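Asker: Assemble the complex: chain A is given as a structure, and chain B must be docked to it using the hints.
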Amino acid sequence: MICRLLTQAKQYISENKRTLLLFAFLALFLSGAVLFTYFDAFLYDCPVGEVIEVKIEKTGIYHSPIGDEEGHALQTLTLRLINGKNKGKFILCENECTDSGVYDETYRPGDRLLLEIQNGAYTITGLKRDTVAALVFAVLLFAIVAVSRLKGVMTLLSVAVNGMLFSYALDAYLFHGVNIMISALCVSIIFCVICILIVCGWNKKAFASILSTLVSVLIVTVLTFVTIWGCDFEGVFAEGLQYLIIEADYRFTFLAMLLLGSLGAMMDICVSMAAGLQELIEKDHGIARASLNKSGIAIGKDMMGTMVNVLLFTYLCGSIPYIILVYHNGMTLDYSIISLEMVRFLCGGCGIMASVFFSRWICIRLLRGRDQS
Amino acid sequence: MTGWILFGLFVFFSLLAGGTHGLKTIFTLLLNMGCILAIVALIIHGWNPVITALIGCLVITCLILFFNCGINAKTMASFLSVFTVLVLQLFFVLWITDAANLGGFGFEDLNDVAGYSFDIGIKISAVATACIMMGLIGALTDTAIAVSTAVFEVKANYPDSAFSDLYASGLRVGKDITGTTVNTLYFALLGEAATLMIWYHIYDYSWWELFNSIVFCREFIKLCFFSLSCVLVMPVCAAFCGSLLSGSLHAWMTKIEKGMQKLKKWIQDE
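As they're listed, the protein sequences go chains A and B.
Read in my numbering, the first sequence has 490 at position 224, and its numbers run on one by one without any break.
Read in my numbering, the second sequence has 87 at position 105, and its numbers run on one by one without any break.
Chain A extracted, bound-state conformation (with noise of 0.2 Å):
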């Protein structure tokens, strides 16, 4: 058994060389970088220490308005500088820290810590968490270059893009005075035309699918919107909006994100369809617009349901921190701690149902062209 196993490995390693060297060479190059944030110390502007030495004193238990207990502690830490002109100079800093760690952090030995010097004293400002966040990035990286080879890395390829183009718009917003809703739409069209060209390529299918797309935006955006502002966003607390800055159009931004958070799923909708209708058109050039219609309502129902619940869970999950502590906080739970995220995914399923619709609509006119008889 395991000679026979051995000798398959071996007849694949022979077969697959190129392939296996590649993702050797690939690991190789990831685990370096991963290794690289692990010692960039000396790129940052602030002070890096490395924790030698945690003592750690029990200060007491602490109770939350409805009674939870707490342990509090007081911890002393011996660091060593990695970094600046103190470089390997020990230090001692102090760091409360509490059991659950809703508001504070709890070091332990080998952990790397950012410093602030406030009156010529070292204080913590926080973890160092580059590395992590590179480990896990880069193990999804070499997943999806395993698994999906050109086409993953395509993707990742345009959401860097997606990253900047947005980053762009931002600036035209938030610099050159131009309104949120305008520069999400533009952005989103964008958006819409480079992911679905990047995924289908330069062809017939990839028209239909960015037209079916645009259509479904622009009558879901101006549906939903209506709806909202005609309501005088009664029971959407978007005052309450996350990191809302720039208050004076807090309704606009969320209109904006809207659109956004609802883009990517009408576009995953929509390639699906066309690349569904056209492998049968392709099959059978003849074939009649009834079946068509009747093969685009089955592709429809296969992918409506997922889709809504993917937006469902990733919308949700986001809150639970939030409504743990207000829980804890003694106060009463109702809709409007969720309200944003429940009319978000709202906004979301209509762009889906709607999608599914519009896209099937659109694409048998597109892809199947003229009758011939």
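Just to be clear, a hint being listed does not mean it is correct.
[As the list claims (entries may be wrong)] Here are the simulated DSS-like cross-link-like pairs (lysine-lysine), alpha carbons at most 30 Å apart as the crow flies:
1. A:Lys567 <-> B:Lys105
2. B:Lys157 <-> A:Lys276
3. B:Lys157 <-> A:Lys470
4. A:Lys321 <-> A:Lys276
5. B:Lys246 <-> A:Lys567
6. B:Lys105 <-> A:Lys417
7. A:Lys283 <-> B:Lys157
8. B:Lys247 <-> A:Lys567
9. A:Lys353 <-> B:Lys244
10. A:Lys560 <-> B:Lys105
11. B:Lys105 <-> A:Lys324
12. B:Lys246 <-> A:Lys283
13. B:Lys157 <-> A:Lys567
[Stated by the list, open to error] Part of the chain B face toward chain A, derived, beta carbon under 8 Å:
14. Leu(-9)
15. His3
16. Gly16
17. Ile18
18. Leu24
19. Ile26
20. Leu76
21. Ile78
22. Glu135
23. Val136
24. Ala138
25. Ala150
26. Gly156
27. Asp186
28. Phe193
29. Ser209
Derived from the structure by calculation, the hints contain no laboratory data.
Just so it is clear, the structure is predicted and the values come from calculations on it, not from any experiment.
Where is the CB? At the ideal position from N, CA and C, for every residue including glycine.
Answerer: This is chain B only, laid out in the frame that chain A set:
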């Protein structure tokens, strides 16, 4: 009020897009929402967040798969692959949330959480793990169903195909849907984090400040884990489908299907 009108709009579009199937989708959706609420309620009453979320995720997967698509080889393969990837990833997520202390609120959150007592008595990094696990279950199931449906189509059209053919066709479909799935997740998270990006733009964070900020790191690692689960489930699901259809698990699957038929018959007779 606004919520209800939007819900009405949603129902209208679902009926337009899928007819009665749209109603079924909405029903599953409500069930899922109930599951999420139940999980959150259990966690805030002091159950272990990680174990509660894991069991809750499995229940939700069963609901989506078996309720929507019935019990058959296709859904069995999807369920097995979702379970495998979920358990594999759980350890990775646990390790990362602990190492980077991802659960806590950051300096940027202070506007929202100022005034609350932080002595909640629940380890918040465990809550973060639960959030990530629950967030990725939707995308994970979506990908698993897509891959297994495609493999079963191939088997239906070419009944003689061997394990390696089925596995290869599963991966081919996976390749095609990677791009769109990752984009869906990316835009959904970008839509949530747009104000955060405005924050970083206004205060002009440098690269190292950005990647060490707890809030940015949380969103970035979340996106990475969501995408990673979708990518990982493709080969796993293709392998399970292949072995259920024409591999070592085939005999076992036929037994289950026979049992199911007997059960159905028994229910009809009673």
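Asker: Is the hint on B:Gly156 kept, meaning its closest Cβ partner in chain A is under 8 Å away?
Answerer: 6 Å, holds
Asker: Between the alpha carbons of A:Lys560 and B:Lys105, is the straight-line distance 30 Å or under?
Answerer: 52 Å, violated
Asker: The hint names B:Leu(-9) as touching chain A; please verify it with the least Cβ-Cβ distance against 8 Å.
Answerer: 5 Å, holds
Asker: Minimum Cβ distance from B:Leu76 to chain A below 8 Å?
Answerer: Given a least distance of 13 Å, the restraint on B:Leu76 is violated.
Asker: Hey, does the B:Phe193 contact hint survive, CB to chain A under 8 Å?
Answerer: 4 Å, holds
Asker: Hint B:Ile18 vs chain A: min CB-CB distance below 8 Å?
Answerer: Status holds, d = 6 Å.
Asker: Assess, step by step, whether the Cα of A:Lys567 is no farther than 30 Å from the Cα of B:Lys105, and give holds or violated.
Answerer: Answer violated: A:Lys567 to B:Lys105 is near 41 Å, above 30 Å.
Asker: Is the hint on B:Gly16 kept, meaning its closest Cβ partner in chain A is under 8 Å away?
Answerer: 12 Å, violated
Asker: Please work out if B:Lys246 and A:Lys283 have their alpha carbons no farther apart than 30 Å.
Answerer: This hinted pair is violated, its Cα atoms lying about 51 Å apart.
Asker: Please work out if B:Lys157 and A:Lys276 have their alpha carbons no farther apart than 30 Å.
Answerer: OK: B:Lys157 and A:Lys276 at ~27 Å, within 30 Å.
Asker: Between the alpha carbons of B:Lys105 and A:Lys417, is the straight-line distance 30 Å or under?
Answerer: 39 Å, violated
Asker: Take the C-alpha atoms of B:Lys246 and A:Lys567, compute the straight-line distance between them, and say whether it is at most 30 Å.
Answerer: 25 Å, holds
Going through the hint list in order, the structure does not satisfy hints 1, 4, 6, 9, 10, 12, 16, 18, 20, 22, 23, 24, 25, 27.
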